[in-house]
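Engineer: One letter stands for each residue in the lines below.
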Amino acid sequence: MATLVIAEHNNAVLGAATLNTVAAAKAIGGDIHVLVAGAGCAAVGEAAAQIEGVSKVLVADDAAYANQLPENVAPLIADQAKNYSHVLASATTNGKNFMPRVAALLDVDQISEIVSVESADTFKRPIYAGNAIATVQSSAPIKVITVRSTGFDAVNATGGSATVEPVSGAGNAGKSAFVSEELAKSDRPELTAAKIVVSGGRGMQNGDNFKYLYSLADKLGAAVGASRAAVDAGFVPNDMQVGQTGKIVAPQLYIAVGISGAIQHLAGMKDSKVIVAINKDEEAPIFQVADYGLVGDLFEIVPELERLV
Amino acid sequence: MKVLVAVKRVVDYNVKVRVKADNSGVDLANVKMSMNPFCEIAVEEAVRLKEKGVASEIVVVSIGPTAAQEQLRTALALGADRAILVESNEELNSLAVAKLLKAVVDKEQPQLIILGKQAIDSDNNQTGQMLGALTGYPQGTFASKVEVAGDKLNVTREIDGGLQTVALNLPAIVTTDLRLNEPRYASLPNIMKAKKKPLETATPDALGVSTTSTVKTLKVEAPAARSAGVKVKSVAELVEKLKNEAKVI
Ligand SMILES: Cc1cc2nc3c(=O)[nH]c(=O)nc-3n(C[C@H](O)[C@H](O)[C@H](O)COP(=O)(O)OP(=O)(O)OC[C@H]3O[C@@H](n4cnc5c(N)ncnc54)[C@H](O)[C@@H]3O)c2cc1C
Ligand SMILES: Nc1ncnc2c1ncn2[C@@H]1O[C@H](COP(=O)(O)O)[C@@H](O)[C@H]1O
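These protein sequence lines map, in sequence, to chains A and B.
Under this note's numbering, the first residue of the first sequence carries the number 1, and numbering increases by one thereafter.
Under this note's numbering, the first residue of the second sequence carries the number 1, and numbering increases by one thereafter.
Don't take every hint at face value.
[To be verified] Derived DMTMM-like pairs (lysine to aspartate or glutamate); straight-line CA-CA distance at most 20 Å:
1) B:Lys233 to A:Glu283
2) A:Lys175 to B:Asp151
3) B:Lys231 to A:Glu118
4) B:Lys243 to A:Glu304
5) B:Lys231 to A:Glu282
6) B:Lys243 to A:Asp218
7) A:Lys195 to B:Glu240
8) A:Lys270 to B:Glu221
9) B:Lys145 to A:Glu181
10) B:Lys233 to A:Asp107
11) B:Lys247 to A:Asp218
12) B:Lys219 to A:Glu118
13) A:Lys82 to A:Glu46
14) B:Lys152 to A:Glu181
15) A:Lys124 to B:Asp123
16) B:Lys231 to A:Asp297
17) B:Lys102 to B:Glu90
18) B:Lys102 to A:Asp107
19) B:Lys233 to A:Asp281
Hint data in this document are derived by calculation from the structure and do not stem from the laboratory.
The structure displayed is predicted, hence computed values, not measured ones.
Using the sequences and the hints, build the whole thing.
Structural biologist: Set out below in structure tokens:
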């Protein structure tokens, strides 16, 4: 029994979610290998070799894998997968994009977004926006799984000394091409890795008002998130959406500002350790999950909070 | 070009489901069912492509119980031309659904296939990508913009870091994200007209597809409950509690 973990990365830096996915592999048991598929990604391979518990790193360095196009990387992963009992990827937009394609190439079901490992073939995963937790058992010869980072504590990024081996695949399938990317730039911590998250909803009224949250966040060393309503209204970009169909976060402290607490939003943050809700409507459902609720106008509360913390 | 849209009948997004006492699943008796919200966005996108003269025909397909005809009729009322129901009373996994859709694709030969990114019941987020593997077609998942440019499809995708645009050869598969469009409501005259549009039925057997699965659900439980905390009176009290009680700042 051995597990292949597909590394999350941008060709230069190993993504933090990989460490949580390796933790899931550790819970399954057996050898852990990591596949880095990219272009000019040698540094990522070196970083993966340092991860605690990883014994081998496979590096597929090819221009065709530069942007994780699923038409190109899925056949490579499916080919490598034949040597393993389990293939794991982080449930990031990359993992969600290529893994089901890998599963179908292998003619097995995929198990999406596991939050715990019960045994080598049995896993737990949330369904219905987290309103139910299913325990599922797989009889697939190769188990193809995506891992929700918040379910597993990251393993150490260092302490390992895996061997690094080059591998190659069919390369460019000639069906798709990368055109462009618009990446949000921010000096704040990454939403899914931050210890504190401050999120704003429709109650913020417009994008400009998010400056109150940014300055509070900077004082707390926090990341800033948003509800779907705030993203749909164009206040902030899509990559800030927290929820069932956005990012899943579980920080030490989550501060929901002007967010009502729809089930789809709760699905993305209710595993946070401490939840604070700031809302002028004392009946808002967000108060049902908040450890500390403060009823009032956010435009008065948030600046005062920034002064006092 | 011909566009195929896959729509799923699911529990309405406003319903907070409850787990059955015997832990065999969630209780769907007498619960409102609707078209999966991401599938509504898929139908809307196809209708817009037809209004622009890009799409010539829109075929909607659903796999599910007889009652899924309701969701197909809704799609017809929104502007689809005809519907196919693959009848199955089992809870199928995404791979089985993708195989059934592949059989429909083989028959219909669409140039573009639009699906939702995720069914809000299973939260799988798999079917479009699996259909991509089975057909060999490229995929533009989590789409927030779709443009046909000659023999290519440009798809802007919502990714963790922001947005990414890819160019796909046609035929291609698109899965919708929330920002792709805002679905319209069906008008009463269109709901009436939809009753006369063709709806054909098929079965997995007739399509020659085996729907066996490698995953079985052992039990379904309610999540750990989170109890409501306290309401604080002032910002000062909140800060005091966060520092001394919760110790998170
Ligand atoms: C398929 C699907 C997927 C979805 N996925 C997601 C998802 O991933 N994430 C997500 O968040 N949502 C998601 N939603 C949307 C979700 O159902 C809600 O519509 C959304 O979360 C509401 O956002 P909101 O709380 O910001 O807005 P609202 O519900 O409008 O709440 C605004 C709140 O702000 C408060 N407020 C207003 N002014 C002030 C003020 N001055 N001071 C203090 N409080 C104030 C109001 O009292 C109110 O409670 C999804 C919906 C669907 C159908
Ligand atoms: N039973 C079904 N019938 C028709 N389409 C489906 C079905 N199940 C899934 N789909 C399509 O696949 C999308 C993603 O579903 P899933 O991969 O199950 O999360 C849905 O939004 C639909 O477009």
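Engineer: For each hint, tell me whether it holds in the structure or not.
Structural biologist: Evaluated hints:
| no. | hint | result |
| --- | --- | --- |
| 1 | B:Lys233 to A:Glu283 | holds, 16 Å |
| 2 | A:Lys175 to B:Asp151 | holds, 12 Å |
| 3 | B:Lys231 to A:Glu118 | violated, 37 Å |
| 4 | B:Lys243 to A:Glu304 | holds, 16 Å |
| 5 | B:Lys231 to A:Glu282 | holds, 9 Å |
| 6 | B:Lys243 to A:Asp218 | holds, 17 Å |
| 7 | A:Lys195 to B:Glu240 | holds, 19 Å |
| 8 | A:Lys270 to B:Glu221 | holds, 17 Å |
| 9 | B:Lys145 to A:Glu181 | holds, 13 Å |
| 10 | B:Lys233 to A:Asp107 | violated, 57 Å |
| 11 | B:Lys247 to A:Asp218 | holds, 19 Å |
| 12 | B:Lys219 to A:Glu118 | holds, 13 Å |
| 13 | A:Lys82 to A:Glu46 | violated, 24 Å |
| 14 | B:Lys152 to A:Glu181 | holds, 18 Å |
| 15 | A:Lys124 to B:Asp123 | holds, 13 Å |
| 16 | B:Lys231 to A:Asp297 | holds, 15 Å |
| 17 | B:Lys102 to B:Glu90 | holds, 18 Å |
| 18 | B:Lys102 to A:Asp107 | holds, 13 Å |
| 19 | B:Lys233 to A:Asp281 | holds, 14 Å |
Comparing the model with each earlier hint shows violations of hints 3, 10, 13; every other hint is respected.
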